[in-house]
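Here the protein sequences come in this chain order: A and B.
Start counting the first sequence at 1; every next residue gets the next number (our numbering).
Start counting the second sequence at 1001; every next residue gets the next number (our numbering).
Hints may be right or wrong, so weigh each one.
Computed footprint of chain B on chain A; a stretch qualifies when at least three of its residues, placed anywhere within it, have a C-beta under 8 Å from a C-beta of chain B [claimed, not checked]:
| no. | stretch |
| --- | --- |
| 1 | 27-36 |
| 2 | 42-49 |
| 3 | 52-62 |
| 4 | 70-77 |
SDA-like cross-link-like pairs, simulated, lysine to any residue; straight-line CA separation at most 25 Å [claimed, not checked]:
| no. | chain 1 | residue 1 | chain 2 | residue 2 |
| --- | --- | --- | --- | --- |
| 5 | A | K50 | B | Q1147 |
| 6 | A | K39 | B | T1221 |
| 7 | A | K51 | B | L1210 |
| 8 | A | K51 | B | Y1155 |
| 9 | A | K65 | B | D1227 |
| 10 | B | K1023 | B | H1008 |
| 11 | A | K51 | A | R8 |
Quick caveat, the hints were computed from the structure, so don't treat them as lab data.
C-beta: ideal position from N, C-alpha, C; glycine also.
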Amino acid sequence: MEIEVTIRNAENGSVLNMELDPNTTIEDVIEGAAEFWHKEAGAYVLRRGKKLLKGQSTVADAGLKNEDVLELIPDPEGG
Amino acid sequence: MDSIIGSHCLVVGAGALGNETVKNLVLSGVGRITLVDMDHVEMSNLNRCLFFSVADAQGRAAKADMVVHGAARMAPDCELRPVVSRLEDVDLDWSSFDLAFGCLDNIKARLHLNSYSRHHGVPYVDAGTDGSRGKLQVVLGDGPCLQCTMNKSHYQVLERRFSCTGSDFSYYEPPMAAEVTTTATMSSMQVKEGLKILSGREDDCIRHLLFYDAMRNEMQTLEADIDPGCPNHEM
Chain A
1 MEIEVTIRNA ENGSVLNMEL DPNTTIEDVI EGAAEFWHKE AGAYVLRRGK KLLKGQSTVA
61 DAGLKNEDVL ELIPDPEGG
Chain B
1001 MDSIIGSHCL VVGAGALGNE TVKNLVLSGV GRITLVDMDH VEMSNLNRCL FFSVADAQGR
1061 AAKADMVVHG AARMAPDCEL RPVVSRLEDV DLDWSSFDLA FGCLDNIKAR LHLNSYSRHH
1121 GVPYVDAGTD GSRGKLQVVL GDGPCLQCTM NKSHYQVLER RFSCTGSDFS YYEPPMAAEV
1181 TTTATMSSMQ VKEGLKILSG REDDCIRHLL FYDAMRNEMQ TLEADIDPGC PNHEM
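Kindly generate the complete structure, drawing on both the sequences and the hints.
Laid out in structure tokens, this is it:
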């Protein structure tokens, strides 16, 4: 059963609604959202509340629920 | 203060962040600093690097040498050692370090420093910037490391250098140039976290990551978990 979540783009505040299979990995969610917003190649992370979601875990492992709001954040790697 | 004066810090990266971080460390009273960087000064560095000059860029001076030279003028009592090399090519006495600072411009080098620090039990404070955004991560013995918090998007750009210096290597030019105000902010927080560790106040450190967005006036601290599959946490 798919889970409906909202993903917020931390760079511009726009939102994306996604239906996720529980077996989808968080890093695939990141990739899908980044592609949707045509983001530059780079590192990104996904958070729910005060928690960084682990890339390799699945939507089910991460405990995502319907109507969760996640945020896609660029991970700055410059020095 | 004695623990800070008596400490030996490793700083890897002598770019914009490294300049600021070494400055902050010497002015905070750190007694010994080893600075590792393989690069030379470029004209494009000069808008955000305290210790670099036009003459340094024209003379292709080593970044580590110039930062040490400038910092020594600020704090003559600090023992400063420049190492002009890549981290993975130099044999360092890790048992002498109390703390490591990552001031790097690419994920691959960060992973090297993360791995060495974990292996040798040296706390690690990493900072990164991109335009008006910054990130800080504090890696302590009982917590997740950098590799635990990375995902596929990091590995896709593993070897890209996220700076706009130099023309003699392949590099990735980010959508926004580095801003010295962001660099200074992130370095200040990076060194503050380091000083907490050196003075035995690890419990007051950021757990585990901090993301900063200067344009939106937002700063958020995020918790992360140890990745059971992370090679740095295997017993």
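Hint numbers not upheld by this structure, sorted from lowest to highest: none
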